[in-house]
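Asker: Spelled out from the first residue to the last, the chains are:
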Amino acid sequence: MSFLRTLGWLTRRSAKNAELRDELRFHLEQDEDDLREHGAPGDEARRTARRGLGNLARVEEDTRAAWGWGGLEQFGRDVKYGLRQIRRHGALSAIAIATLALGIGGVAAMFSAVETVLLRPLPYADADRLVMIWLDMAKTDVTTKHNATPAEWLEWRRRNTVFSDLATSQPTDGVLSGDGGPEQVPARKVSWTFWSVLGTSPMIGRAFTEAEDLENVRVAVISHGLWQRRFGGSPDIVGRTIAINDEPYQVIGVMPPGFYFLPARDIDLWMPASFPPWMRTNFSWHNAQVVARLAPGVTLEQAQQSMSALSLELTAKDERGPHSVTIVPLRDEIAGRTRTALILLLCASAAVLLIACVNLANLLLSRGATRGQEVAVRTALGASRARLVAQLLTESLVLAACGTLAGLLLALPVMRFLERLIPEAMSPARLALNWRVLAFAACAGGAAVLAFGLAPALGASRRPPQLGLRDGRRAIGPRSHWLRYSLIVVETALAVVLLTCGGLLLQTFQHLRQTDIGFQSERLLTFETPLFRYKDFDRRVAFVEAEVEKVRTIPGVVGAAAINLIPFTNFASATFYQLEGQPQHSVPTQVALVRNVTRDYFTTVGARMVEGRFFETTDRRASMPVAIINEPMARRHFGDQSALGHRFKFGELGDEGYLYTIVGVVRQIPETGVLDDAKPVVYRVFEQCDQIGDTKAALVVRTAVEPASIVPAVRQAIWSLDSNQPLARIQTMEDIIERQLSTPSQSSALLGAFAVLALLLASLGIYGVLSHAVAQRTNEIGVRMALGATSGRILLFFGSRGLMLTLAGLSIGLGLAAIAARWMTTLLYGFGPDYAATAGVVSAVLVTVAALACLVPARRAAHINPVAALRSD
Amino acid sequence: MPPRSSPSSRVDLLQGTLDLLILRTLSSGPAHGLAIAKHIQRTSEDLLQVETGSLYPALHRLEARGWIAAAWELSDKGKRARFYRLTPLGRRRLSAERSKWEALARAVTLVLNPAD
Numbered sequence: 001m002s003f004l005r006t007l008g009w010l011t012r013r014s015a016k017n018a019e020l021r022d023e024l025r026f027h028l029e030q031d032e033d034d035l036r037e038h039g040a041p042g043d044e045a046r047r048t049a050r051r052g053l054g055n056l057a058r059v060e061e062d063t064r065a066a067w068g069w070g071g072l073e074q075f076g077r078d079v080k081y082g083l084r085q086i087r088r089h090g091a092l093s094a095i096a097i098a099t100l101a102l103g104i105g106g107v108a109a110m111f112s113a114v115e116t117v118l119l120r121p122l123p124y125a126d127a128d129r130l131v132m133i134w135l136d137m138a139k140t141d142v143t144t145k146h147n148a149t150p151a152e153w154l155e156w157r158r159r160n161t162v163f164s165d166l167a168t169s170q171p172t173d174g175v176l177s178g179d180g181g182p183e184q185v186p187a188r189k190v191s192w193t194f195w196s197v198l199g200t201s202p203m204i205g206r207a208f209t210e211a212e213d214l215e216n217v218r219v220a221v222i223s224h225g226l227w228q229r230r231f232g233g234s235p236d237i238v239g240r241t242i243a244i245n246d247e248p249y250q251v252i253g254v255m256p257p258g259f260y261f262l263p264a265r266d267i268d269l270w271m272p273a274s275f276p277p278w279m280r281t282n283f284s285w286h287n288a289q290v291v292a293r294l295a296p297g298v299t300l301e302q303a304q305q306s307m308s309a310l311s312l313e314l315t316a317k318d319e320r321g322p323h324s325v326t327i328v329p330l331r332d333e334i335a336g337r338t339r340t341a342l343i344l345l346l347c348a349s350a351a352v353l354l355i356a357c358v359n360l361a362n363l364l365l366s367r368g369a370t371r372g373q374e375v376a377v378r379t380a381l382g383a384s385r386a387r388l389v390a391q392l393l394t395e396s397l398v399l400a401a402c403g404t405l406a407g408l409l410l411a412l413p414v415m416r417f418l419e420r421l422i423p424e425a426m427s428p429a430r431l432a433l434n435w436r437v438l439a440f441a442a443c444a445g446g447a448a449v450l451a452f453g454l455a456p457a458l459g460a461s462r463r464p465p466q467l468g469l470r471d472g473r474r475a476i477g478p479r480s481h482w483l484r485y486s487l488i489v490v491e492t493a494l495a496v497v498l499l500t501c502g503g504l505l506l507q508t509f510q511h512l513r514q515t516d517i518g519f520q521s522e523r524l525l526t527f528e529t530p531l532f533r534y535k536d537f538d539r540r541v542a543f544v545e546a547e548v549e550k551v552r553t554i555p556g557v558v559g560a561a562a563i564n565l566i567p568f569t570n571f572a573s574a575t576f577y578q579l580e581g582q583p584q585h586s587v588p589t590q591v592a593l594v595r596n597v598t599r600d601y602f603t604t605v606g607a608r609m610v611e612g613r614f615f616e617t618t619d620r621r622a623s624m625p626v627a628i629i630n631e632p633m634a635r636r637h638f639g640d641q642s643a644l645g646h647r648f649k650f651g652e653l654g655d656e657g658y659l660y661t662i663v664g665v666v667r668q669i670p671e672t673g674v675l676d677d678a679k680p681v682v683y684r685v686f687e688q689c690d691q692i693g694d695t696k697a698a699l700v701v702r703t704a705v706e707p708a709s710i711v712p713a714v715r716q717a718i719w720s721l722d723s724n725q726p727l728a729r730i731q732t733m734e735d736i737i738e739r740q741l742s743t744p745s746q747s748s749a750l751l752g753a754f755a756v757l758a759l760l761l762a763s764l765g766i767y768g769v770l771s772h773a774v775a776q777r778t779n780e781i782g783v784r785m786a787l788g789a790t791s792g793r794i795l796l797f798f799g800s801r802g803l804m805l806t807l808a809g810l811s812i813g814l815g816l817a818a819i820a821a822r823w824m825t826t827l828l829y830g831f832g833p834d835y836a837a838t839a840g841v842v843s844a845v846l847v848t849v850a851a852l853a854c855l856v857p858a859r860r861a862a863h864i865n866p867v868a869a870l871r872s873d
Numbered sequence: 874m875p876p877r878s879s880p881s882s883r884v885d886l887l888q889g890t891l892d893l894l895i896l897r898t899l900s901s902g903p904a905h906g907l908a909i910a911k912h913i914q915r916t917s918e919d920l921l922q923v924e925t926g927s928l929y930p931a932l933h934r935l936e937a938r939g940w941i942a943a944a945w946e947l948s949d950k951g952k953r954a955r956f957y958r959l960t961p962l963g964r965r966r967l968s969a970e971r972s973k974w975e976a977l978a979r980a981v982t983l984v985l986n987p988a989d
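The listed protein sequences correspond, in order, to chains A and B. If you use my numbering, the first sequence closes out at 873, no skipped numbers anywhere. If you use my numbering, the second sequence closes out at 989, no skipped numbers anywhere.
Quick caveat, the hints were computed from the structure, so don't treat them as lab data. Keep in mind that a hint or two might mislead.
Stated by the list, open to error - Calculated cross-link-like contacts (lysine-lysine; reagent style DSS-like; alpha-carbon spacing at most 30 Å): (1) A:K80 <-> A:K16; (2) A:K16 <-> B:K911; (3) A:K679 <-> A:K696; (4) A:K145 <-> A:K317; (5) A:K16 <-> B:K952; (6) A:K16 <-> B:K950; (7) A:K679 <-> A:K317; (8) A:K535 <-> A:K550; (9) A:K145 <-> A:K679.
Let the hints inform the model, and build the full structure from the sequences given.
Answerer: As structure tokens, then:
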């Protein structure tokens with residue numbers, strides 16, 4: 001209350017001052033009048049009254065002091081004094097502010113990314129209760145998490161005891177035609193429970209019902225973005241019929257802006273999953289991605305245990321082995337690997353800030369020592385210790401405030417860079433300096449003040465004044481030496497951790513960059529065309545062949561081919577297969593990714609053959625079904641033997657379906673992503689597929705010119721075949737790969753930057769402390785040299801001291817780095833970088849840099865002229 | 874013209890005593906600064922003379938603590954003056970301070986006049 005009143009008065013400061021002057025004037029006039037009334041002559045009365053009042057300015061000042069602004073005014077004076085100090089020690093202050101700005105800028109930018117990805121609320125009600133459920137099918141070839149089957153989802157819904165409800169969804173595409181040109185948009189088929197599980201609903205209209213889902217009614221919910229973009233935000237959108245994949249769908253709802261869901265892109269359409277009856281009881285169609293909401297009071301662990309048991313029970317008789325489930329919080333699913341990267345980088349930036357603070361503390365400790373005299377004079381004049389600490393801390397605060405502001409300016413460009421780290425599911429999220437980031441920066445600045453300001457302030461105020469008065473410059477005790485030395489060890493250790501982690505990440509990134517992708521990605525344009533418009537198999541094959549032929553005639557095109565899914569598309573749909581002559585199971589246990597291609601695919605992308613042949617013009621629908629497999633699959637089944645001539649089929653051996661003969665083995669092409677482990681892949685030609693299957697074909701076009709330049713010609717070519725055909729996801733192969741590498745490349749670049757910064761700051765710290773030690777001990781060195789110490793011994797003395805500190809920091813740092821490396825394994829993508837070699841390189845670099853930082857002050861000490869040194873004192 | 878006492882005849886006020894005197898003065902009604910000073914001087918038979926340099930800081934301090942409140946009103950001579958008056962909080966304070974002072978005075982008197 002009294003603080004508020006004080007604050008209230010502060011805002012009326014000039015009014016209060018005027019009031020006080022009025023009050024005192026009244027006092028004077030009234031006193032004068034009274035005196036005159038009692039018979040004093042005019043002049044006499046005025047003089048007496050004036051004398052009675054005393055020193056007017058003094059009265060005013062004392063009264064103002066009673067207003068309770070004392071502390072604040074004192075603070076204001078300290079701030080002014082701090083600003084004056086900054087100006088007076090220009091170079092020193094500039095270094096301090098720049099150091100702090102680097103530290104705070106980095107940590108603020110990193111926090112903004114963490115805030116966006118890990119802290120900002122997801123667009124679902126009570127999002128922390130949402131989880132994804134994946135099958136954990138360790139007994140099959142695929143050890144990564146698997147989608148559930150619709151049948152499992154239904155059983156889980158019926159029998160689980162831990163969820164309020166479960167929903168399924170699966171990615172698909174939808175081609176819009178009708179108003180405007182044809183356009184392919186990302187879509188998702190979801191169960192009717194999707195909306196209630198996420199706790200969200202359309203902003204206009206409604207979601208679909210259970211009956212509409214079961215009866216396969218053609219209704220759709222569209223995104224806010226699509227509504228605005230394609231339908232101009234028209235208010236009568238609900239109830240309108242639009243053409244999706246050439247079928248009439250009724251729009252029944254529009255989602256609010258900002259709503260998103262997995263997978264890694266914006267979704268514009270939601271349609272009923274409408275599993276056909278046969279799929280509802282089938283346990284081998286793994287096409288239901290399950291999201292569930294934990295029931296009230298149920299923990300993640302309880303859900304995990306309960307669901308694992310249920311799944312093992314449901315799949316007990318499965319020949320592929322009973323399998324468990326893995327439950328992952330939705331937030332982690334969305335953040336993915338970025339989560340670890342972000343936390344690592346936030347820690348790294350915090351470490352840099354800490355190092356910056358350590359350096360500043362050292363800087364201020366040195367300055368505090370030279371300010372001994374000033375502190376001593378103030379103490380002698382009666383300043384209390386608390387007052388001195390307050391003043392020195394205020395100076396640090398001023399410095400920190402400048403550093404924080406500069407840091408925020410620095411953070412802005414870094415944030416633009418960091419936007420590339422946002423997981424695709426959340427993009428296009430923008431990083432912003434919102435209140436959370438500003439509050440965080442303010443806290444970081446405040447923590448920095450305490451970190452770098454407190455020790456020097458306490459140190460400077462502790463010294464007995466007579467010490468400072470006698471010799472202001474050298475008044476520093478041995479305790480403070482130890483403080484500084486341990487600070488040096490701390491910052492060296494931190495720098496070592498950052499350098500080591502940075503080195504590991506950099507190695508991983510180099511490794512990923514140099515990974516053999518099995519084909520040539522340069523000047524390769526890719527795009528997708530949907531195929532659902534052609535209802536029967538022959539017309540689909542004919543269209544794919546026609547578009548390849550048409551595109552091939554475009555000037556600048558060297559070759560063209562089609563594949564059902566472009567490499568690196570993160571789409572890991574796998575199919576069970578059985579090899580002829582292998583032990584028989586009633587259901588197959590091995591899975592491979594299946595890719596359907598045109599015959600020229602391998603030559604167009606420049607794939608490399610291991611053995612056998614590529615597809616040839618003789619491989620037609622009527623001829624013997626043939627397949628080309630990748631090297632990992634060949635090695636798995638045949639080891640060093642040849643895979644050629646062996647036969648296999650999809651599904652069960654007794655089933656209908658082609659028996660494919662292996663005619664070739666190709667070098668592995670990372671179909672699901674650069675970062676994924678080797679998976680078995682089967683390639684076959686479109687013509688020899690045994691079912692309608694694919695709903696889209698992707699074209700890969702090898703060009704002699706810049707790939708983007710032929711896009712208009714390609715579009716014309718496709719439209720000349722079918723004017724309703726949209727071209728989707730037009731991109732170059734290099735862009736696709738670049739995007740895949742963006743998390744490792746961004747994070748290794750950032751971590752590298754932080755590590756270099758840490759190294760520089762740490763060596764600056766070592767240099768600063770040793771220089772200071774030399775400057776302080778000039779006199780002592782002079783005495784030693786006068787007594788016969790050689791300059792070599794002096795050099796050794798200071799040099800070894802610096803190196804000892806470095807080595808202490810190095811050993812602590814390497815220990816911490818080993819722990820950090822274990823924690824960041826997910827960022828190393830299964831690639832085991834050479835920790836020992838990294839540690840070796842880091843040690844060498846650090847010792848070299850530290851040696852240089854030690855050498856300069858040590859040499860200065862060794863070259864001190866003893867006579868001059870002694871005389872100077 | 875009333876005599877102005879010479880500095881040597883004045884009694885220095887103990888720390889905090891001025892506050893007590895001001896509160897007591899205001900307990901008989903609102904008054905402006907000069908009136909308060911004169912009242913203290915008169916009732917103490919000129920033994921206590923309140924310095925302006927102590928009076929106004931004290932008044933403002935008491936106001937800041939909420940023991941007295943101030944408002945601009947017209948004085949009996951028709952001039953605008955800042956009048957102070959006791960708040961309920963101040964009244965409670967006065968009785969507390971007063972008993973403290975009386976206890977102290979009694980104690981000091983006892984020490985000065987031992988009953989042996």
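Asker: Which hint numbers doesn't this structure obey?
Answerer: The structure conflicts with no hint, since it agrees with every one listed earlier.
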